[in-house]
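Given chain H's structure and the hints, the job is docking chain P onto it.
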Amino acid sequence: MRVDVHAHIMSRDFHEAMAKLPGMIKRPNLWGFELARDGKHIASCNEAWFDRDHPIREMDRKGFDMRLVSLAPPNLYIFPPEQQPEVARWVNDETIAYCKGRIDRLRALPSLPLGDPAAALIELDRIAGAPEVAGVAIGSNVSGVPLSDERFEPVWAKINALKMPVVEHPLHPTFAGDIQDRNLSVVLGFWFDTQLCVTRLILNGVFERYPDFPFIVAHTGGGVISAIDRLDWATPRWAKNLKQPASFYAKRLYYDTCAVYAPTLMEAHNAIGAGHLMFGTDYPYIDIDFAHVSDLPLAGAEKAAINGDTAAKVFKLA
Amino acid sequence: MKIDTHAHYMAKTFYEAIEAMPGVSRKADPYGLQLVRDGKTVVPLNEKWLDPDDQLREMDRKGFDMRLVSLTTPNLYIFPEKDQGEIAKRVNDETIKYCEQRIDRLRALPSLPLGDVAASLKELDRVATAKGVAGISIGSSVAGVPLSDPRFEPVWKRIDELRIPVVEHPMHPKFNADMQDMNLSILVGFMFDTQLMVVRMILNGIFERYPNFPFLVAHTGAGLLDIKHRLRGAHNRNPESSKNMKKPFDDYLKGLYFDTCMNDHEVLMDAFHFMGPDRLMWGTDYPFVDNDTKQVEGMEISTAQKQAIIGDNAQRLFRL
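Protein chains in written order, with our numbering: chain H, 74 to 391; chain P, -12 to 307.
Pulled out of the complex, with its shape left as it was, chain H reads as follows (with noise of 0.2 Å):
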């Protein structure tokens, strides 16, 4: 089975909603179109995304099974912490029955409201049990909050109840005021802040109380992965009370491809092996194909297993 585990769904809806917010403003921009705010880039997007056939034809074009589909960013946490339940329920429910039909094809990844934490365990309770649903979308930080704040405890601890695979997509830093330039916020942006995002979880022991649910890392890590001996080198001095070095709970996590270079996918599978690499496009950004993966130089099971088969078993897609 080819899974595609990082691919977005474009809501028109959703940008509507977002382009209504005060201050933001649409303008064209190298995609097709851009929603800034504050002179600070916020999302790009483009009409032909919005056409709901698109992705399923780009998969019967380039032989994909399934995908999980997901918020791109800035997900639900660019509105204020009091209207996210009620987008959450809207662009959940639209997320999810544009894979019913197509379950066969699609499946979806809910966002959660993290700006109110109770709402997002009510949210969480009411999209668990859909059939469409496969995981959880989460952003690398919520409005600027890191994912390790002690107001996501409850959230972690239900997620862990559930077992339920979360699926990590890096979101603008907190700096991102300080690197507009040339696109950097996006390019080196969200790398940062998936690096910061997973190494917060882990100094701070989220997934040594939680171990019980899939985490997968966006961008093969946004880093982390080159950073593991700085993270145990730094396990001791700074972050005494984990059980284990930093490196113990890095290995254990789930990375998708996109970071698409061979060497990164090869020092990946070296350091946490094939069965923690997980197949992904970035549809519609970078939206590679498997070539990226049928070129790496490993064997014929290890390929299948990051191409779909770990994420048939992760996600229950079979």
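Derived by calculation from the structure, the hints in this document are not laboratory data. Incorrect hints may have been included.
Unchecked claim - Covered stretches of chain H (in silico footprint by chain P; criterion: 3 or more residues with CB under 8 Å from a CB of chain P, positions within the stretch not fixed):
(1) 254 to 261
(2) 268 to 281
To be verified - Cut-off 27 Å, straight-line C-alpha distance, at most; resulting in silico cross-link-like pairs (DSS-like, lysine-lysine):
(3) K376/H - K135/H
(4) K313/H - K281/P
(5) K313/H - K14/P
(6) K118/P - K(-11)/P
(7) K113/H - K230/P
(8) K27/P - K313/H
(9) K281/P - K324/H
Just so you know, these numbers come straight off a predicted model, no measurement behind them. All residues carry an ideal CB built from backbone N, CA and C; glycine is no exception.
Positioned in the frame of chain H, the structure of chain P alone reads:
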């Protein structure tokens, strides 16, 4: 020959100048002490590091032949701009004198008072020809200003004329107030700042306009190679970036040198394959991480290639 290209000399004049600044205080830290200001780390401090012989005893004990020493973060850029020129002279003179007394073992990488560009040009000319000087040390950003900022153009021009090697060291990123927990400003912030610096230098055409000086990047590129596919794509899509570059993004990367201080086998092998055997140089990050040569010895490459990384490349590049 074992030549360490990433190590620090904790100049007394440097610490004195920091402690003389308003609002700086001492706080306990896993290294011993830390100087802090406004709740943010300025620099770690351990009394042992202030003993200039300690460094040589350690080198003897570990069998290291030669070491290049520079200031550590925050370099001179923490000082008021108008004072940087004077402090640079004091700190560089102390460091150069320290090295010249043991010139068979130590060479200096003096710092430039980049808060004051005119003073930097003077300091560059003043130190460039000193016997004990092997190159220049530079921070990944100057009090939050990117190294690719137009104000530094005369500095790159002069460095390029002198063909003096430049050794980069990470600084706390401009945005490090958001990552003070668990020492993250050093753990990940340093890596971010080095990555941002290299990408901005390439996209803004510094290496295109000034191609004649060697540039050594700390921490094996600080994870930059992981992100290569994304950088390539971003550059191809962005006409604003490509106008400064006559060659593909990767060609500029391959023109740099990387030290080995990421200390990760897979990262080193990746860097070796991409950069080639001549562009990696061993470093210890003394007295912080303080590595030996084990990681390099463990690479799946020939003995001659290991020797190149551990010493031959640096010997040639820094004319040691």
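| said: Hinted pair, alpha-carbon criterion (27 Å max): K376/H, K135/H. Please report holds or violated. | reply: 16 Å, holds
| query | Are three or more residues of the region 254 to 261 of chain H within 8 Å, CB to CB, of chain P? | reply | holds (count 7)
| query | If you draw a straight line from the CA of K113/H to the CA of K230/P, is it 27 Å or shorter? | reply | Given pair K113/H, K230/P holds - Cα atoms ~23 Å apart, limit 27 Å.
| request: Would you mind confirming whether the straight-line C-alpha gap from K313/H to K14/P stays at or under 27 Å? | output: Answer holds: K313/H to K14/P is near 18 Å, not above 27 Å.
| task | Compare the distance between the alpha carbons of K27/P and K313/H with 27 Å, and conclude whether the hinted pair is satisfied. | result | 21 Å, holds
| Are three or more residues of the region 268 to 281 of chain H within 8 Å, CB to CB, of chain P? | holds (count 6)
| Taking only the CA atoms, is the gap from K313/H to K281/P under or equal to 27 Å? | This hinted pair holds, its Cα atoms lying about 26 Å apart.
| Is it true that the CA of K281/P sits at most 27 Å from the CA of K324/H? | 23 Å, holds
| task | Please work out if K118/P and K(-11)/P have their alpha carbons no farther apart than 27 Å. | result | 20 Å, holds
Hint violations for this structure: none, all hints satisfied.
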